[in-house]
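The residues making up each chain are set out below.
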Amino acid sequence: GNSVTQMEGPVTLSEEAFLTINCTYTATGYPSLFWYVQYPGEGLQLLLKATKADDKGSNKGFEATYRKETTSFHLEKGSVQVSDSAVYFCALSESTGFQKLVFGTGTRLLVSP
Amino acid sequence: EAQVTQNPRYLITVTGKKLTVTCSQNMNHEYMSWYRQDPGLGLRQIYYSMNVEVTDKGDVPEGYKVSRKEKRNFPLILESPSPNQTSLYFCASSPQWPSGSPYEQYFGPGTRLTVT
Chain U
79 GNSVTQMEGP VTLSEEAFLT INCTYTATGY PSLFWYVQYP GEGLQLLLKA TKADDKGSNK
139 GFEATYRKET TSFHLEKGSV QVSDSAVYFC ALSESTGFQK LVFGTGTRLL VSP
Chain W
4 EAQVTQNPRY LITVTGKKLT VTCSQNMNHE YMSWYRQDPG LGLRQIYYSM NVEVTDKGDV
64 PEGYKVSRKE KRNFPLILES PSPNQTSLYF CASSPQWPSG SPYEQYFGPG TRLTVT
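Protein chains in written order, with the numbering used here: chain U, 79 to 191; chain W, 4 to 119.
No lab work stands behind these hints: they were computed from the structure. A virtual CB, placed ideally from N, CA and C, is assigned to each residue, including glycine. Please note: incorrect hints may appear among the correct ones.
Here are the simulated DSBU-like pairs of lysine-lysine, each with C-alpha atoms no more than 30 Å apart in a straight line [unchecked claim]: (1) W:K74 <-> U:K178; (2) W:K68 <-> U:K178; (3) W:K60 <-> W:K74; (4) W:K72 <-> W:K60; (5) W:K68 <-> U:K130; (6) U:K178 <-> U:K155; (7) U:K130 <-> W:K60; (8) W:K68 <-> W:K21; (9) W:K21 <-> U:K178; (10) U:K134 <-> U:K178; (11) U:K130 <-> U:K146; (12) W:K74 <-> W:K20; (13) U:K178 <-> W:K60; (14) U:K178 <-> U:K138; (15) W:K68 <-> W:K20.
Here are the computed distance ranges between Cβ atoms for each label pair [to be verified]: (16) W:L91 <-> U:T90: 21 to 27 Å; (17) U:T83 <-> W:V55: 22 to 28 Å; (18) U:K146 <-> W:P98: 36 to 42 Å.
Over the 10 Å line for every Cβ pair with chain U, so calculated as not near, a few chain W residues [to be verified]: (19) T25; (20) M30; (21) N31; (22) Q48; (23) T58; (24) V63; (25) P64; (26) K68; (27) K72; (28) E73; (29) V118.
Required output: the full structure, derived from the provided sequences and hints.
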């Protein structure tokens with residue numbers, strides 16, 4: 079079945095450091111890929127998405143590129159802020175028009191001043 | 004304001020005492036879903052609904068029931084809760100997904116349930 083694998087956390091960085099959170103997936107067909115973010119005490123919210131190979135999703139300084147050849151969708155940001163501290167989930171949605179999301183286990187990011 | 008609301012936000016109960024967690028959305032979305040979030044496991048889908056009176060099992064439906072009598076509401080029912088259902092629960096909704104055009108899912112704030 080479809081699955082998503084994320085790097086273990088927590089990831090601890092100083093403010094203004096470069097961020098990479100790795101995400102790889104296994105899927106049949108052509109899934110859409112997402113990054114969701116969960117701030118403390120809140121529900122998940124969509125950060126960015128990509129719907130086909132080589133698409134780049136971007137939002138709030140974060141970006142991720144859909145790499146079909148390596149089945150990856152790594153999240154990057156050039157300069158993190160304390161306010162980016164949260165849990166980040168990589169997810170895929172099957173290509174059949176059926177809206178089920180398959181999530182990775184989440185990666186906690188802690189940014190210190 | 005477009006939102007998904009859940010109640011209660013926190014609940015402590017005892018084994019076997021029936022409970023209902025409500026979920027409501029004000030965006031006229033067709034699709035609604037329940038997930039549970041557990042450490043090291045991410046989010047797993049419990050049940051989903053494609054529209055009124057249309058529901059189906061997700062990956063971990065055992066011990067749960069749902070109903071969809073109105074488009075805006077999708078309650079999660081635990082008929083006889085057990086300690087292994089202690090978890091953080093999220094409701095989500097989205098418009099119907101036409102082929103090739105995925106929509107964002109909107110999540111509620113979560114319900115933290117403890118079953119002793």
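Comparing the hints with the structure gives:
{"no.": "1", "hint": "W:K74 <-> U:K178", "result": "holds (18 Å)"}
{"no.": "2", "hint": "W:K68 <-> U:K178", "result": "holds (18 Å)"}
{"no.": "3", "hint": "W:K60 <-> W:K74", "result": "holds (18 Å)"}
{"no.": "4", "hint": "W:K72 <-> W:K60", "result": "holds (17 Å)"}
{"no.": "5", "hint": "W:K68 <-> U:K130", "result": "violated (35 Å)"}
{"no.": "6", "hint": "U:K178 <-> U:K155", "result": "holds (27 Å)"}
{"no.": "7", "hint": "U:K130 <-> W:K60", "result": "holds (28 Å)"}
{"no.": "8", "hint": "W:K68 <-> W:K21", "result": "holds (11 Å)"}
{"no.": "9", "hint": "W:K21 <-> U:K178", "result": "holds (27 Å)"}
{"no.": "10", "hint": "U:K134 <-> U:K178", "result": "holds (22 Å)"}
{"no.": "11", "hint": "U:K130 <-> U:K146", "result": "holds (8 Å)"}
{"no.": "12", "hint": "W:K74 <-> W:K20", "result": "holds (27 Å)"}
{"no.": "13", "hint": "U:K178 <-> W:K60", "result": "holds (11 Å)"}
{"no.": "14", "hint": "U:K178 <-> U:K138", "result": "holds (25 Å)"}
{"no.": "15", "hint": "W:K68 <-> W:K20", "result": "holds (14 Å)"}
{"no.": "16", "hint": "W:L91 <-> U:T90: 21 to 27 Å", "result": "holds (23 Å)"}
{"no.": "17", "hint": "U:T83 <-> W:V55: 22 to 28 Å", "result": "violated (36 Å)"}
{"no.": "18", "hint": "U:K146 <-> W:P98: 36 to 42 Å", "result": "violated (27 Å)"}
{"no.": "19", "hint": "T25", "result": "holds (15 Å)"}
{"no.": "20", "hint": "M30", "result": "holds (14 Å)"}
{"no.": "21", "hint": "N31", "result": "holds (16 Å)"}
{"no.": "22", "hint": "Q48", "result": "violated (6 Å)"}
{"no.": "23", "hint": "T58", "result": "holds (13 Å)"}
{"no.": "24", "hint": "V63", "result": "holds (13 Å)"}
{"no.": "25", "hint": "P64", "result": "holds (13 Å)"}
{"no.": "26", "hint": "K68", "result": "holds (19 Å)"}
{"no.": "27", "hint": "K72", "result": "holds (21 Å)"}
{"no.": "28", "hint": "E73", "result": "holds (20 Å)"}
{"no.": "29", "hint": "V118", "result": "holds (21 Å)"}
Hints 5, 17, 18 and 22, counting from the list given before, are not met by this structure.
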